[in-house]
Structure formats: structure tokens, C-alpha cells
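J.: Below are the chains, spelled out letter by letter.
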Amino acid sequence: MKEKESIICPFCEEGSLNRVTCKKCGQLFLRCDECESVYKDRGSLDKDYGPGCPHCGADIDS
Amino acid sequence: MKRILFALTIAFCIAGILGGDAAARRKSRDHATFISIREIRDLEQKGLLVPAGKDAWKTKSGLLIAGRDPDGRTRLDHIMRHASDIPGRPKHGVFSVTKAGVIDLMDEAWKKIKAGAVPEKERGGKIAYTVGMGRPIGYLGGRKGRERGNPKLASVRMVIKKGTTAVVTFFPM
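Those protein sequences? They're chains A and B, same order as listed. Letter by letter, the first sequence follows residues 1 to 62 of the working numbering. Letter by letter, the second sequence follows residues 63 to 235 of the working numbering.
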């Protein structure tokens, strides 16, 4: 099966978006490996959910 | 007997290096350190970085390089990933200056940002600035860079946390 092409972060235009699981709600979201911007999913890259989990708003800072 | 044991040890080590699984090797490479403690001390001695706590430094212009990225790298190491190419990355801006030069460029870019008229965009509590430096300061690396013949780059992108001087990332673009 062909691997899905990585998505370049539309904000910093450099990093790749990786799938991450929220430690609070357990839902998957996307995070840029360069600027750490977060996205709910591939279909809502133009929406700004703030710095927290795009599903529950929990703090996801390392 | 000692020679045989020595040869066996060397052979065992080589087999271990060559035979390790690819995922482990890739993970090890992904977590490589991009700036050594000695290099950090050198930047501190030159006055380019001033220690500001654990894994935290301030630059001459007051930019804060602090904390760690989600992979556990220090923020300084995260930025210094761009001091060399990462060929497997889809896209990777690479500085063509020394690590001391990277810190100097950060201060130069920040002065231009503070002077105004620098394009910016905001998202998730972060601001991304694109600053033209007026000269080549790096090149496009990664897979896309290789495909395009590693074109020279004369701008930098600086991402900071809104309302602070805390740098999230800094790279040529």
C-alpha cells in the first residue's frame, strides 16, 4: 500500500504534519514537526484551533 | 589468544552496527544532537548567547531560546537542525553560515522585525515572520531541495510565541 504523502505545514511552510494523540481526550490530531502548530485533521488545515488540542483544548505543550 | 578475542570483539561490533534494524537506526539519526555542549560554551564565551536558566539562552537582541520541542530536543538544538541538511526530510532550509552566524542572523532578523514592514502571519498563538536578508544565507535542502538543485535562499522565517520574544523556530526559506 502506498504511503500517504506527508503534508507540509501551511503556517511555517517547512515542517511536516505528524499524527499525535491527545493525552487528555485520546483523539488524534496533526502537529507540525517544525513550528508545532496543531491541526484537527487533513480537512481543516485552514482553521485555527489555538495552541491546545483541537478536540478538547487541553494544553499540549511539551 | 588476545588477538583472537580482539578480532572477535571488532567483528561483533561491526555486525551489530550493520545488522541493527533500520527503524532503530532512523530513530537514532532523528534524535541526533545538532549542537554540542562545547559549541554552546563557545557561543556563550563569544557573548552571542547568555544563559537564562536550564536549557535557556538569550541572544544579544533579547530573543529567548528556551525549553524543548515535542521530540525532546532543546530549542537551540531544534534551531541548529538547520545548520546542516537532513536529506530525508521533505523540505529543509539549511544555513550556509556557521552556528555563531545563525545566532547573528537571528538578531539581525529580529532587529528588522522590530523596525516594522516585515510580512507576518498568526496562528495558534504564534507569529511567523518572513525576513529578507538581502543576501544568500542558506539553501533549500531535504528531498525538495535535492530535486530542485539546492537553490540558494535569501530569506529567513522566524516563528515566535505571540507577545513574547520566545523563538519557536528559525530557518532559511
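It should be emphasised that the hints constitute simulated quantities derived from the structure, not laboratory data. Owing to the predicted nature of the structure, the values given are computational and were not obtained by experimental measurement. There may be inaccurate statements among the hints.
The calculated EDC-like cross-link candidates involving lysine to aspartate or glutamate, where the alpha carbons are at most 20 Å apart (straight line), are [unchecked claim]:
no.	chain 1	residue 1	chain 2	residue 2
1	B	K188	A	D46
2	B	K214	A	D46
3	B	K224	A	E13
4	B	K223	A	E13
5	B	K183	A	D48
6	B	K214	B	E184
7	A	K23	B	E106
8	A	K47	B	E184
9	B	K120	B	E106
10	A	K40	B	E184
J.: Going back to the hint list, which numbers does this structure go against?
T.: Hints 2, 6 and 7 contradicted; others consistent.
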